[in-house]
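Engineer: These are the residues of each chain, in order.
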Amino acid sequence: MKDNKKQSIWAIIPAKNEQEKIAGVVAGCIKQNANVVVVDDGSDDNTAYAAEKAGAVVLRHKVNLGKGSALKTGCVYAIKKGAKEIITIDADGQHRPGDIPKFLDGLKKSDIVFGYRKLNRDMPLLLRIGNWGIYFITKVLFGVNILDTQCGYRAFKAEIFEKIKWESLDYSMESEVISKVAKKRISYTQTEIDTIYADRYKGTTVIDGIKIVLNILWWRITG
Amino acid sequence: MTYTLKIIGILFAAAMIYLTFLNFKRRSYGKKSFVLWLLVWLFFMFMVTFPETAYGIMSGLGIQRTVDFFVMGGLLFFSVMIFYMYISVKRIEKKVEGIVRRDAIMSHEKKASK
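So the protein sequences, as listed, match chains R and W. Numbering that gives the first Met the number 0 puts the first residue of the first sequence at 0, with every later residue one more than the last. Numbering that gives the first Met the number 0 puts the first residue of the second sequence at 0, with every later residue one more than the last.
Please keep in mind that the hints were generated in silico from the structure rather than gathered at the bench. These numbers were taken from a predicted model, which means no experiment stands behind them. All residues carry an ideal CB built from backbone N, CA and C; glycine is no exception. Treat the hints with care, since some could be wrong.
Okay, derived cross-link-like pairs now, DSS-like style, lysine-lysine, Cα gap no bigger than 30 angstroms in a straight line [said to hold, decoys possible]: (1) LYS164/R <-> LYS109/W; (2) LYS31/W <-> LYS83/R; (3) LYS93/W <-> LYS110/W; (4) LYS179/R <-> LYS164/R; (5) LYS80/R <-> LYS113/W; (6) LYS83/R <-> LYS20/R; (7) LYS93/W <-> LYS80/R; (8) LYS94/W <-> LYS164/R; (9) LYS80/R <-> LYS109/W; (10) LYS109/W <-> LYS182/R; (11) LYS109/W <-> LYS83/R.
Partial pick of chain R residues on the chain W-facing surface, computed with a CB cut under 10 angstroms [stated by the list, open to error]: (12) VAL38; (13) GLY41; (14) HIS60; (15) LYS61; (16) SER68; (17) LEU168.
Distance ranges between label pairs, derived from CB positions [to be verified]: (18) LYS30/R <-> HIS107/W: 38 to 48 angstroms; (19) GLU108/W <-> GLY142/R: 41 to 51 angstroms; (20) GLN6/R <-> PHE77/W: 19 to 29 angstroms; (21) PHE11/W <-> LYS182/R: 22 to 32 angstroms; (22) LYS94/W <-> LEU125/R: 34 to 44 angstroms.
Chain R extracted, bound-state conformation:
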């Protein structure tokens, strides 16, 4: 039974230059009985080596394409290998692998589970404002109450991948998936996760935020 479960749960970790943190994230996911695939998105450090040593399957993008593209590569591979449940988790240690069971519980009730971080003082102020802004715009345009639209910690059933498959190469994919969930009325639940910010200079920038908002408007218009 354990082997069947291990066969079906896959954690996808898109990574770029995370040689310090990746091993810990991989080990944490393996401890939760998940298969782990790390997509090294054009790193110029030892991310791939560290991930492989920790026990992950490593797919290497020869050039950096972006988070959206890396996640898609991981999902395509995992589904090919028989994944039934897919968990997407960041490589920088922001997400605790110990929360994986919460996501798996959520998948018993819905097709996709969105993680949400509390908008508290642990989150940088600019990020808090940006996240709230995007949450508000998404709620108005799509009618969905996703508390943290930019949280990369999510889980979904492999069978809905084709429905939510995104075109965005970068961070915009987080919002693109939400727009598809809303338009195709895919069932979703949300689960609270801890807010951990090790590096305040990585992740989405103001420019990314503007791009995300413009993309959200575009997806609303194009239906």
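With the hints as your guide, set chain W onto chain R.
Structural biologist: Just chain W now, with coordinates in the frame of chain R:
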């Protein structure tokens, strides 16, 4: 149009014709693109040398100054060019993504099978 501006315009068009020809010889693009760009620069050179030929079109459009006509025409032309380049870049982006993904998965499977 003042003679200084005409001379500058003609010299600019001549320089662009030369660059167009040079890049054609370097196989940066094919015959079709070369002829298209050559026609663009020759048209530019013609309009700068004989701006009075545009007076008919200008009066039809309600434009009084030749410079306004050139600026508007230039804006329209470059808008189209930018849109075309955007589409081309998007297509290339998709192709690169596909290649990189296929390569990543195949490299791993090859390594795993050893």
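Engineer: All hints, please: hold or fail.
Structural biologist: Outcome of the hint check:
1. For the proposed pair LYS164/R and LYS109/W, the alpha carbon gap of about 26 angstroms is at most 30 angstroms, so the pair holds.
2. Restraint check for LYS31/W and LYS83/R: not satisfied, since their Cα atoms lie roughly 51 angstroms apart, outside the 30 angstroms limit.
3. Straight-line distance between C-alpha atoms of LYS93/W and LYS110/W comes to about 26 angstroms, which keeps the hinted pair within the 30 angstroms bound.
4. At most 30 angstroms may separate the alpha-carbon atoms for a hinted pair to count; LYS179/R and LYS164/R meet this at roughly 8 angstroms.
5. A distance of roughly 18 angstroms separates the Cα atoms of LYS80/R and LYS113/W; the hinted pair therefore holds under the 30 angstroms criterion.
6. Our distance criterion of 30 angstroms between C-alpha atoms is met by LYS83/R and LYS20/R, whose separation comes to about 27 angstroms.
7. At most 30 angstroms may separate the alpha-carbon atoms for a hinted pair to count; LYS93/W and LYS80/R meet this at roughly 24 angstroms.
8. Simply put, LYS94/W and LYS164/R have alpha-carbon atoms about 17 angstroms apart, close enough for the 30 angstroms limit, and the pair holds.
9. Only pairs whose Cα atoms come within 30 angstroms are accepted, and LYS80/R paired with LYS109/W is accepted, the gap being roughly 15 angstroms.
10. Restraint check: the Cα-Cα separation between LYS109/W and LYS182/R comes to about 39 angstroms, which exceeds 30 angstroms; the hinted pair is violated.
11. About 24 angstroms separates the Cα atoms of LYS109/W and LYS83/R, which keeps this hinted pair within 30 angstroms; it holds.
12. The interface hint given for VAL38/R is met, as the beta carbon of that residue sits about 7 angstroms from the closest beta carbon of chain W, less than 10 angstroms.
13. Against a cut-off of 10 angstroms between C-beta atoms, the interface hint on GLY41/R holds, since the closest Cβ of chain W lies about 9 angstroms away.
14. With a cut of 10 angstroms, the hint placing HIS60/R at the interface with chain W holds, because the nearest CB-to-CB distance is about 5 angstroms.
15. The beta carbon of LYS61/R is positioned within 10 angstroms of a beta carbon in chain W (closest approach about 6 angstroms), and the interface hint is therefore held.
16. Residue-level restraint check for SER68/R holds (minimum Cβ-Cβ distance to chain W is 5 angstroms; threshold 10 angstroms).
17. The restraint placing LEU168/R at the interface with chain W holds, with a minimum CB-CB distance near 7 angstroms, inside the 10 angstroms limit.
18. Between LYS30/R and HIS107/W, the C-beta spacing of about 23 angstroms breaks the proposed range 38 to 48 angstroms.
19. Take GLU108/W and GLY142/R: their Cβ atoms lie about 42 angstroms apart, and the range 41 to 51 angstroms holds.
20. For GLN6/R and PHE77/W, the Cβ-Cβ distance of about 55 angstroms falls outside the hinted range of 19 to 29 angstroms, so the restraint is violated.
21. The hint said 22 to 32 angstroms for the Cβ distance between PHE11/W and LYS182/R, and at roughly 50 angstroms that hint is violated.
22. Against the hinted window of 34 to 44 angstroms, the Cβ-Cβ separation of LYS94/W and LEU125/R comes to about 35 angstroms, which satisfies the hint.
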